[in-house]
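So the protein sequences, as listed, match chains A and B.
Counting from 1, position 134 in the first sequence corresponds to residue 134 in my numbering; the numbering is continuous, with no gaps.
Counting from 1, position 493 in the second sequence corresponds to residue 1493 in my numbering; the numbering is continuous, with no gaps.
Note that these hints are calculated values from the structure, not bench results.
The beta carbon of each residue, even a glycine, is placed where N, CA and C say it ideally should be.
Some hints could be false.
Here are the simulated distance ranges between beta carbons [as the list claims (entries may be wrong)]:
1) A:Ile144 / B:Glu1266: 32 to 40 angstroms
2) B:Arg1327 / A:Arg24: 12 to 20 angstroms
3) B:Leu1267 / A:Arg24: 49 to 57 angstroms
4) A:Arg105 / B:His1341: 24 to 32 angstroms
5) B:Gln1254 / A:Asn71: 51 to 59 angstroms
6) B:Arg1327 / A:Arg105: 30 to 38 angstroms
7) A:Asn71 / B:Ala1422: 42 to 50 angstroms
Here are the simulated EDC-like pairs of lysine to aspartate or glutamate, each with C-alpha atoms no more than 20 angstroms apart in a straight line [claimed, not checked]:
8) B:Lys1321 / A:Glu17
9) A:Lys121 / A:Glu148
10) B:Lys1321 / A:Glu20
11) B:Lys1408 / B:Glu1374
12) B:Lys1321 / A:Asp124
13) B:Lys1455 / B:Asp1444
14) B:Lys1455 / A:Asp124
15) B:Lys1293 / B:Asp1283
16) B:Lys1455 / A:Asp106
17) B:Lys1321 / A:Asp106
18) B:Lys1455 / A:Glu126
19) B:Lys1321 / A:Asp18
20) B:Lys1412 / B:Glu1488
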Amino acid sequence: MPEHESQPILVVEDSPEDWETTWRAFQRAGLRNPLVRCATGDEALDFLHRRGRYQDPDSSPRPGIILLDLNLPGTDGREVLQEIKAEETLRRIPVIVLTTSCDSRDIEACYGAGANSYIQKPVDLEGLIQAIQRLHDYWFEVVILPKES
Amino acid sequence: MGRLDELSIRRKLIAVIALGSVIVLLLANAALFVWDSLAYRRDLQERLESVAEIAGRNSTAAIQFNDPATATELLASLETQPDVRWAAIYDGDDALFAGYASNPALEPPPAPPASSVATSREGVAIARPILLDGRRVGTIAVLGGLDGLYARMFRRALTIGLVLIAALLTALLLAQRLQRVISEPILRLARVARAVSAERNYSLRAPAGTRDEVGQLVGSFNDMLAQIQRRDAALLAAKETLEERVEERTAQLQQELGERHRAEQELARRNEELEQTNRELDDFAYIASHDLKEPLRGIHNYSQFLLEDYADRLDEEGRVKLRTLIRLSRRMETLIDSLLHYSRLGRGDLTFTNVDVNELLAEVLDLHAMTLREKRIDVRVPARLPVVRADRDRLGEVLANLITNAVKYNDKQEPWIEIGTAEPATSNGGPTFYVRDNGIGIQDRHLDTVFRIFKRLHSRDEFGGGTGAGLTIVRKIIDRHQGRVWIESRPGEGTTVFFSLPA
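Kindly generate the complete structure, drawing on both the sequences and the hints.
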């Protein structure tokens, strides 16, 4: 398997329907990367820090990229982003904000916190599939990702 | 003395000088007068005594030879002495031997006076023994009249009187001149003082004068005037400064007033704008929800139709997806309704009545009776709740939302909820209520975010789901009652939501 296919992608998304759609889009784009889904910000942080129910490192591989929704129940995406980018061991992982919000304040705040890019979720499936395809092509074929530390 | 005080200074001085002189003169003269009289009398006495002596000696022979005629002749020679009123010689047996009287009306006494000198109204009587070879052979007595004395005294008094009158006149004249020395400086001072007082002109000064106490008085007076002048000037300057400041302040205040007026106008204008906006928002919210719900209904119903009409041609997965569709559209409707409700809460009118919270709570608990029973919730109301001033329906909503939350977010085997009043009452004096549970609790960092609309702490279907608007609505309602909401919680142990209402 080419290296870029083995890198897991962490998707932080609370809506089951959106998660289903994202998963579909990955399938239709022909991507075989293992996807890990966390439904809440706290869960995502537990996963990344390998604590709570993700203590077993096998159950929590280091993701190559993180797709992060902003509006999450409990600890929301903006806080998760800040924590990731503040943490020495985590901040090299590219975080792509994938959210319905197009509020300029959110955009500025995310880039200010160190997000690697910001995508507004397309409403239709086709649009999402395209976006996912492009995302994959860019991040896994054009870009060189950092080595896992 | 009273009358003396009323005279002017000049007259006083003149009076004092004149009177003084005259009185002194009078006293001096009186003394001289008295002394003179006394001297005269002594003189007279001495004279009479010597006369008597001589006459007595000269008459020894007459007595011896018992010759009263000679003796009488001898006595008659006393006529030359005008003072002698009578004279008498007595023999050894004190019998009148010879006598003489200047005035036939008078008569010497038959017997010699008892004492050698006697003074009476009639005059001075002298009695002397007549001695012959040391042996008393008779007595001679002489009476001297005081007429001379009286005449002299009269003459004297007259003289004194005239002298005194002259002296008085001279004194008056002199005093007239002399008093000026004292009175003039005083009068000048008095004049200036009167002028200062009448004209209120403090720039006048009394002319400097003598070096005595009056001069000092003048100096002090002038000093005082100078002080008054200075003080006046200072007062004037202060008054001007004050007036300036008052003007400044008045201008300032007017400006502030103007600004405030403008600000008030601005405020009124904004208020109107806001009301306008509110009205528009209300319309907007209603219309929006109305228009949003229409396609939603379509989605919902058509999914339902698909489910009904094509159920047999779909596999289970397909049916699951359709049901998800229906569920999602219902969720959307709930969200729209929540939003509209929330927006209405911010703008609608509240109807305040006296609400018995016990009754209200009972109603709410009744409404949720089934859920409470299903989940076996132990409901505790430790004390009687008060009557408060609030909008009954809205307050009921608050209780319902809080109780619902308390019931939902509970994972304990023996769940309970408690509703009561808390101490202390808040600063505005109203009651504080709480709804407490032994549920899952809330982390400190989420204590504020839980109030955000549609914000949940868990994923959609955990803990009974929900739109995440419950606490938002509670806060909105309590805010509109001018109260406060706050939460205390221990994750894993339970949560208490407090809310206070004003008095």
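Outcome of the hint check:
no.: 1; hint: A:Ile144 / B:Glu1266: 32 to 40 angstroms; in the structure: violated (60 angstroms)
no.: 2; hint: B:Arg1327 / A:Arg24: 12 to 20 angstroms; in the structure: holds (19 angstroms)
no.: 3; hint: B:Leu1267 / A:Arg24: 49 to 57 angstroms; in the structure: holds (56 angstroms)
no.: 4; hint: A:Arg105 / B:His1341: 24 to 32 angstroms; in the structure: holds (27 angstroms)
no.: 5; hint: B:Gln1254 / A:Asn71: 51 to 59 angstroms; in the structure: holds (55 angstroms)
no.: 6; hint: B:Arg1327 / A:Arg105: 30 to 38 angstroms; in the structure: holds (32 angstroms)
no.: 7; hint: A:Asn71 / B:Ala1422: 42 to 50 angstroms; in the structure: violated (34 angstroms)
no.: 8; hint: B:Lys1321 / A:Glu17; in the structure: holds (10 angstroms)
no.: 9; hint: A:Lys121 / A:Glu148; in the structure: violated (28 angstroms)
no.: 10; hint: B:Lys1321 / A:Glu20; in the structure: holds (11 angstroms)
no.: 11; hint: B:Lys1408 / B:Glu1374; in the structure: holds (12 angstroms)
no.: 12; hint: B:Lys1321 / A:Asp124; in the structure: holds (17 angstroms)
no.: 13; hint: B:Lys1455 / B:Asp1444; in the structure: holds (16 angstroms)
no.: 14; hint: B:Lys1455 / A:Asp124; in the structure: violated (25 angstroms)
no.: 15; hint: B:Lys1293 / B:Asp1283; in the structure: holds (15 angstroms)
no.: 16; hint: B:Lys1455 / A:Asp106; in the structure: holds (17 angstroms)
no.: 17; hint: B:Lys1321 / A:Asp106; in the structure: violated (32 angstroms)
no.: 18; hint: B:Lys1455 / A:Glu126; in the structure: violated (29 angstroms)
no.: 19; hint: B:Lys1321 / A:Asp18; in the structure: holds (13 angstroms)
no.: 20; hint: B:Lys1412 / B:Glu1488; in the structure: holds (19 angstroms)
Checked against the numbered hints given earlier, this structure breaks hints 1, 7, 9, 14, 17 and 18; the rest are met.
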